[in-house]
Amino acid sequence: MIDAHHHLWDLSAVHYPWLMARGVERFFGDPTPIQRNYLIEEFRDEAAAVGGRASVHVQVGAENSLAEARWVQSIAGANPDWPLKQVVFVDATADDLDSQLNAFQALPSVVGVRQIVGRAPGEDAVTGTNTLLDNPAFVAGLQNAGQRGLSFDLQLIPELMGKTADLLARAPDTAVALCHAGSPHDRSNDGLARWAAELCALSDLPQVRCKLSGLGMFEHDWVSESFRPIVETCLNQFGSNRVMFGSNFPVDKLYSNYSTLVQTYRDLIPREMHQAVFNDTAADFYSISQI
1 MIDAHHHLWD LSAVHYPWLM ARGVERFFGD PTPIQRNYLI EEFRDEAAAV GGRASVHVQV
61 GAENSLAEAR WVQSIAGANP DWPLKQVVFV DATADDLDSQ LNAFQALPSV VGVRQIVGRA
121 PGEDAVTGTN TLLDNPAFVA GLQNAGQRGL SFDLQLIPEL MGKTADLLAR APDTAVALCH
181 AGSPHDRSND GLARWAAELC ALSDLPQVRC KLSGLGMFEH DWVSESFRPI VETCLNQFGS
241 NRVMFGSNFP VDKLYSNYST LVQTYRDLIP REMHQAVFND TAADFYSISQ I
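So the sequence shown is residues 1 to 291, counted in this note's numbering.
Derived by calculation from the structure, the hints in this document are not laboratory data. Glycine is no exception: its CB is placed at the ideal position from the N, C-alpha and C atoms. Some hints here could point you the wrong way.
As the list claims (entries may be wrong) - Have a look at the derived ranges for each label pair, beta carbon to beta carbon:
#1 Glu272 - Ala106: 37 to 47 Å
#2 Arg271 - Gln237: 31 to 41 Å
#3 Ser224 - Asp95: 44 to 54 Å
#4 Gln147 - Gly122: 34 to 44 Å
#5 Gly51 - His15: 27 to 37 Å
#6 Asp280 - Ala48: 12 to 22 Å
Please construct the entire structure, taking both the sequences and the accompanying hints into account.
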C-alpha cells in the first residue's frame, strides 16, 4: 500500500506558523492534539501495520517551503527502505518561479508542487486564496510545472471546481491530483449532490487524478457509511485507475486511528479495485518505484 497524502513535521527543525498558533480553530477543527512533532517513525509504524510500504509527503504550511523540502529530503535519504516522494509549496504566480523550481528539483524526492486554491468557505474568505484563479500568471505557472515534469496537487472546494477546470484545460500537459476528493464540506444530501455535479468538470479532464483523503476534516464523528457516497462517486467518475488512497495523517488522526481509516476504505472499495486505489495509481502518478 502507498499512502499518497500525508504530512510530517519536526517543530524544532522547521517553523510552521499554524502549528505554533495555540488556541486557533482551523477549518478542520481544533489542531491542539497534533501541535507536536509527527515524525517518520510514528507514521511508518501506523502505516506499515496495515501494509504501508511507501508514501507521498505533502507540504503543510511551513514558513519557508524550501527549508521544509530539504528537511523532508533528509528524511527520505535516511529511510531508503521506505520510498518517500514529496509535493512542495510554490507560488505559481511568483516572478522568481523558475529559480524556486530549480532549487526544488535539485532534491531527488520532489515530484510535484501544491498551491492551495480553497480550503473551506469561511477560511478562504479571510485568506483570499480564491483570487488566485483570477491571476493570469497562475495558468502560466501550472504550464511551467508540467513542462518540467512536475505534477500539481489541487486543493479546493466544490464551488470553485468549474472555474478551476477551465484553467486546467489550458495546461493539459500538467498532471493534477485532486486532494481530499475536492473537499465536499456540505455533507447533506443536497450538498453531496452539488459536489458530485461540480466534480464532473474535473473528472472529465484526463490529466486529473483523485485522492480519497481528508474526508474526516468536515465530518468529525464519521462512520463507514459517511464515506460511502463520496467513495462511490469518485470511483464512478474517475475509475479506479485514476483514484488513490491518502490518509491525510496526522490531520485526520484527530478523528480516527490509521487502521480504522484504512479498513473503512477497504470495505467500501470493491476488492478488484484495491490494487489500483491502494498502490498502482499513486505509484504511476508520483513515480514511486515498485519494491
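Status of the hints after comparison with the structure:
| no. | hint | verdict |
| --- | --- | --- |
| 1 | Glu272 - Ala106: 37 to 47 Å | holds, 41 Å |
| 2 | Arg271 - Gln237: 31 to 41 Å | violated, 20 Å |
| 3 | Ser224 - Asp95: 44 to 54 Å | holds, 48 Å |
| 4 | Gln147 - Gly122: 34 to 44 Å | holds, 36 Å |
| 5 | Gly51 - His15: 27 to 37 Å | holds, 34 Å |
| 6 | Asp280 - Ala48: 12 to 22 Å | holds, 19 Å |
The structure fails to meet hint 2 from the earlier list, while all remaining hints are met.
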